[in-house]
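Peer 1: Dock chain one against chain two, each of which comes alone in its own frame, and use the hints as you go.
Read off the chains here:
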Amino acid sequence: MFDALNYEFIQNALMAGILVSIASGIIGSLIVVNRMVFLAGGIAHTSYGGIGLAVYFGIPIFLGASLFAVSAALLISFITLKQRERTDTFIGLIWAVGMAIGILFVDMTPGYNVDLMSYLFGSILAVSKEDIWFMLALVLIIITVITFCYRDILAVSYDSEYALLRGVSVKFFYTLILVLSALTVVIAIKIVGLILVIALLTIPIYIAERLSNSLYSMMFLSSIISTIFTLFGLFISYNFDITSGASIILVSAIALVLFLLFFKLKESVKYS
Amino acid sequence: MNALDINNLTFSYNRENVLENIDLHVKEKEFLAIIGPNGGGKSTLLKLIIGLEQTKQSNIKIFGKKPAKNLTLIGYVPQNTNVNTDFPIKVIEVVMMGHVGHKRPLIGYKKEEINCALESLKQVSMEKYANKKIGTLSGGQRQRVMIARALCSHPKILLLDEPTSNIDTIGQKEVYNLLKKLNQHITIIVVSHDLSIVLEYASSVLHVNKKMVFHDVSKTRKFHTKEEHFCEVELLQLLGKSNV
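Chains U and H supply the protein sequences, listed in that same order. Heads up: the first sequence begins at 1 in our numbering, then just goes up one per residue. Heads up: the second sequence begins at 1 in our numbering, then just goes up one per residue.
Here chain H stands alone, though its shape is the one from the complex (with noise of 0.2 Å):
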């Protein structure tokens, strides 16, 4: 079964229309990067599949069922984490947010999900920041607890919207390097800007502009460089495609 699949999808929030004909079969265990211009619906296209947009025409399945249904099988990762950083909450507070609503205790949380937070950011390497503030932690480090707040629920599908554009290029290359190791059990999708370094690590490409072309670059990696940052249309000549 495929992870994800999205069939024919036209969306607009007013009159004009963000996305048009999107078909998007995305199996298990691939690492798909959206890529695209600003305004060019990659974020939309992104809240759809989670659910936080919704269309008329249920044509988008998460493992065959529709997104709300699915809500465990998804995890998130959204794009600004350096909102409300004054906020008095701890790590493991944030981490636990990830738990789905239901089998809750009448009071505070339950030991096993308390647990499965401190497993979470295990995961992410973060276990020792537990008690501090989230304020406190540096960009790469905040956003790698919103990773294990997504990681929490057991999502067999991540989704990341621009998860290193507010951190710096060690952290970067931190946060894609834990996504390799995930990905060796779960699906992910990352929206970025920055793609040289997306291409390190995607197994395909899809760019976004209203309509879509997809890239299958898991065998082709011909254009990768270590140094240089491609630009986007650098990128799409070398993918052969200039019908975008």
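For reference, chain U alone in the conformation it holds in the complex (with noise of 0.2 Å):
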């Protein structure tokens, strides 16, 4: 099996598989500690329409789901801050027009037959070189601005109302967080795909969760977790021949279900 890793496709795959990881460990922190799981589905679905907008006006699919994507975390941003209590509603609303829009657009190019599935459920035989640098780019972003505004995006996860007495500018650190999700989900697509992509931003969490005592070391445990799992889906992926997303998903759901199982028994013989 270890030939595998001379092919160009497999070590392109296993790069962005730890780039992936590691953005979505940081950001699927902060998504399950600010409650924004639904939040983040949402902006998913929607960057279909981007790859939809892309594929007809022949532009790179990354760039066109990037900005549906973006535009999407904006507009929930801004719905979200206004208009607290109708907040699911206008979320599945967005959820839903945002794939309408793209499997229009998909329909209306001619003659492109474009596999709808490697971009709801994961391909890694379609990372390309340039993907990666994109990946690269993100990856880095988010460890600058984490790095920097760390005590700001802790004090508004935790405490928002506190930190906007504290003259914390709670709507930036919102916008940004989901704004850096957007993104986040545009290049897990590659890997998982849009659909299967909310779970990639918490199961790791969740259970780095149970381990951490702080928001550092829960995004620091959540990429680790998480490459973990992502590296061991796309082997089982490729030497089943099995869609990737689905075999990342289900190593980890598995691995949650025997974590919680270890987590019970340990209390129940601490007890007992």
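Source of the hints: derived by calculation from the structure; they are not laboratory data. Heads up, the beta-carbon is just placed ideally off N, CA and C, and yes, glycines get one too. Mixed in with the good hints there might be a few duds.
[To be verified] The list that follows gives simulated cross-link-like pairs (lysine-lysine, DSS-like), each with its CA atoms no further than 25 Å apart:
1) U:K171 <-> H:K47
2) U:K264 <-> H:K133
3) H:K66 <-> H:K122
4) H:K66 <-> H:K156
5) H:K29 <-> H:K61
6) H:K47 <-> H:K210
7) U:K171 <-> H:K56
8) H:K156 <-> U:K171
9) H:K122 <-> H:K180
10) U:K264 <-> H:K132
[Unchecked claim] The calculated label-pair distances, taken between Cβ atoms and stated as ranges, are:
11) H:R15 <-> U:E130: 54 to 62 Å
12) H:G39 <-> U:S268: 41 to 49 Å
13) H:K56 <-> U:L211: 23 to 31 Å
Peer 2: This is the structure in structure tokens:
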């Protein structure tokens, strides 16, 4: 099986898997502690609209999806900050409309039989060198933002009302988290696809949250756990010819179940 | 100079007034308890004082200035400290949120900020827990951490919204004894339901139900009991006001 490492597409897939895991570990942590999982799901599905537009106008898929996802993030940020009570309704709406736009434009593209499944569920074969650079750039941006704004992001996430009282711009950092989530979703499309990305943004993070006592260690641990799941998932995907997204998510889910069982067992031993 | 001056304040969220004609003057080092029925406007009044809600007329003054201009003078302890208990954050990090965001380093926290936070934790006798996860503390301990966070900016006025609503009786006593100690140096304003315990410590009582009635109780403590809990009606009778 180590022969496989000689293929360039496998090397690309592994690189992409690691980069996406780092990004999703950090941003997923922010999404989970801020209770934004549904918002991130909305952004992920909406970005399909961008894929459709990119196919129709012949621009790079990443660019189209990024622009569309970031616009969706800004819109969702605007709505949730303005009108908190009806947030779920609006997100459900944006979620479906984005996908509908994507399908419409793919349909209208003459003679183009785009492989829908690869965007919805991931396709490691499709990772190019340019994709890797794009992913690397995003990971560096995320790490820079977290390094310099950690205390503000921590304050806004833990207690936004108090952060506001201490003069932190809650709206700015809330929007920033959503925009970075949108970009993370876009790079994860190649690996797990836009439907399954939500599991990558929650399962490793949930495990890490149980084991961490600070947001910083949660991000770090999430990235490591996520990398392990992704690489293992890719390995299974290659060997058994399964869609990469599905195998990564199922590996994560099985690991989560084992983790929870282990936790339960440990507790029952402690109290018996 | 008064710690807090409110002149003829009327406030509404939509059309109906939540507060009407509030006139309140709190001296330095006073211990004011704000009581009143649910929906009577207590929390709104508190939010106006700290600047979370804004009025068009600037008739609230903290040490002679608008609340927004005086962030460092105000310490605030929010009502529900039992939310977000799963959040992976250490006690010391919660306390350091209390620092106001100017003169900050490029990355992380300054040494003096960390020392200042540890000092605040010492004031509430929680310094041993500095590196514990916030979710592992009891309700009373968490409440003390929130007070430490408010003390972090060295406020001259401390406002607390229902500080004992989620903690047991022993924890309540501890919190109020702590407030009494802090009251030697700073002004304290507490919104509370728990009348009997508040009255053991407060020097004045404000009853808010859209309008307000102010009672100076610093000299008369004839209603003081240790065992019984008052209901609001009994208390108001004792205070000798029936027009509320």
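Peer 1: A separate judgement is required for each hint: does it hold in the structure or not?
Peer 2: These are the hints, each one checked on the structure:
Distance check on the hinted pair: K171 (chain U) and K47 (chain H) sit about 19 Å apart at the alpha-carbon level, within 25 Å; holds. Taking the CA atoms of K264 (chain U) and K133 (chain H), the gap is near 20 Å; set against the 25 Å cutoff, the hint holds. Simply put, K66 (chain H) and K122 (chain H) have alpha-carbon atoms about 31 Å apart, too far for the 25 Å limit, and the pair is violated. As the CA atoms of K66 (chain H) and K156 (chain H) are separated by approximately 15 Å, the hinted pair is consistent with the 25 Å bound.
About 16 Å separates the Cα atoms of K29 (chain H) and K61 (chain H), which keeps this hinted pair within 25 Å; it holds. Using a Cα cut-off of 25 Å, the hinted pair K47 (chain H) and K210 (chain H) holds, with the two alpha carbons roughly 15 Å apart. Pair hint K171 (chain U) plus K56 (chain H) holds up; C-alpha atoms about 22 Å apart against a cutoff of 25 Å. Restraint check for K156 (chain H) and K171 (chain U): the C-alpha separation of about 29 Å exceeds 25 Å, so the hint is violated.
A hinted pair counts as satisfied when its Cα atoms are at most 25 Å apart, and K122 (chain H) with K180 (chain H) qualifies at roughly 16 Å. With a CA separation close to 22 Å, the supplied pair K264 (chain U) and K132 (chain H) stays within the 25 Å bound. R15 (chain H) and E130 (chain U) have their C-beta atoms about 58 Å apart, which keeps the hinted 54 to 62 Å range intact. For the pair G39 (chain H) and S268 (chain U), the supplied restraint of 41 to 49 Å holds, since their beta-carbon distance comes to about 45 Å.
At roughly 50 Å, the beta carbons of K56 (chain H) and L211 (chain U) sit outside the given window of 23 to 31 Å.
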